[in-house]
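Q: Quick note on this note's numbering: the sequence shown kicks off at 16 and runs consecutively.
Where hints are given, some of them may not hold.
Said to hold, decoys possible - Pair ranges (Cβ atoms, derived):
| # | residue 1 | residue 2 | range |
| --- | --- | --- | --- |
| 1 | G96 | L71 | 31 to 39 Å |
| 2 | G70 | A40 | 19 to 27 Å |
| 3 | G17 | G96 | 16 to 24 Å |
| 4 | G96 | T72 | 33 to 41 Å |
| 5 | R95 | L71 | 31 to 39 Å |
| 6 | V73 | G96 | 17 to 25 Å |
| 7 | V73 | I18 | 32 to 40 Å |
| 8 | G96 | G70 | 34 to 42 Å |
| 9 | N91 | G70 | 24 to 32 Å |
| 10 | D39 | V73 | 28 to 36 Å |
Since the hints were made in silico from the structure, they are not lab data. Bear in mind the structure is a predicted one, so any value in this text is a computation, not a measurement. Even for Gly, the Cβ is constructed at its ideal location relative to N, Cα and C.
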Amino acid sequence: MGIIVWLIVGGVVGWLASLIMRTDAQQGILMNIVVGIVGAVIAGLVLGKGNINQGLTVETFLWSLLGAVVLLAVVNLIRRGSVR
16 MGIIVWLIVG GVVGWLASLI MRTDAQQGIL MNIVVGIVGA VIAGLVLGKG
66 NINQGLTVET FLWSLLGAVV LLAVVNLIRR GSVR
């Protein structure tokens with residue numbers, strides 16, 4: 016059941032992060048899921064905040080979204096030389 020939650024929440028988080036960073040046209044659903052899951056891992060490990068494995072709450076969702084936005088900002092910085 017945890018993997019299904021990861022995929023659904025990861026997709027939503029990745030999609031919202033791509034809308035915020037204006038990279039939605041460049042990403043498909045698979046990349047949105049990957050960005051959302053990696054964003055949740057970043058939030059859990061690097062920021063030391065709760066992740067979606069500890070339970071899906073508004074707080075863990077927002078921390079995962081922040082992690083995904085940071086991930087997309089770093090990728091944009093590397094690829095284009097600007098955060099956007």
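Q: I want to verify a distance hint. Is the separation of the beta carbons of G17 and G96 within 16 to 24 Å?
A: 38 Å, violated
Q: Given a hint of 17 to 25 Å, does the C-beta separation of V73 and G96 actually sit inside it?
A: 35 Å, violated
Q: N91 and G70, beta-carbon distance inside 24 to 32 Å?
A: 31 Å, holds
Q: Should the hint that V73 and I18 are 32 to 40 Å apart at their CB atoms be regarded as holding?
A: 22 Å, violated
Q: Would you say the C-beta atoms of G96 and L71 sit inside 31 to 39 Å of each other?
A: The hinted range 31 to 39 Å holds for G96 and L71, with Cβ atoms some 36 Å apart.
Q: Given the range 28 to 36 Å, decide if the beta-carbon distance of D39 to V73 lies inside it.
A: With Cβ atoms ~23 Å apart, the hint is violated.
Q: Determine whether the Cβ-Cβ distance between R95 and L71 falls within the hinted range of 31 to 39 Å.
A: 33 Å, holds
Q: When you take the CB atoms of G96 and T72, is the distance between them in 33 to 41 Å?
A: 37 Å, holds
Q: Given the hint of 34 to 42 Å, is the C-beta distance from G96 to G70 inside that range or not?
A: For G70 against G96, whose Cβ atoms are near 39 Å apart, the range 34 to 42 Å holds.
Q: Do the beta carbons of G70 and A40 sit within 19 to 27 Å of each other?
A: 33 Å, violated
Hints 2, 3, 6, 7 and 10 from the earlier list are contradicted by this structure; the remaining hints agree with it.
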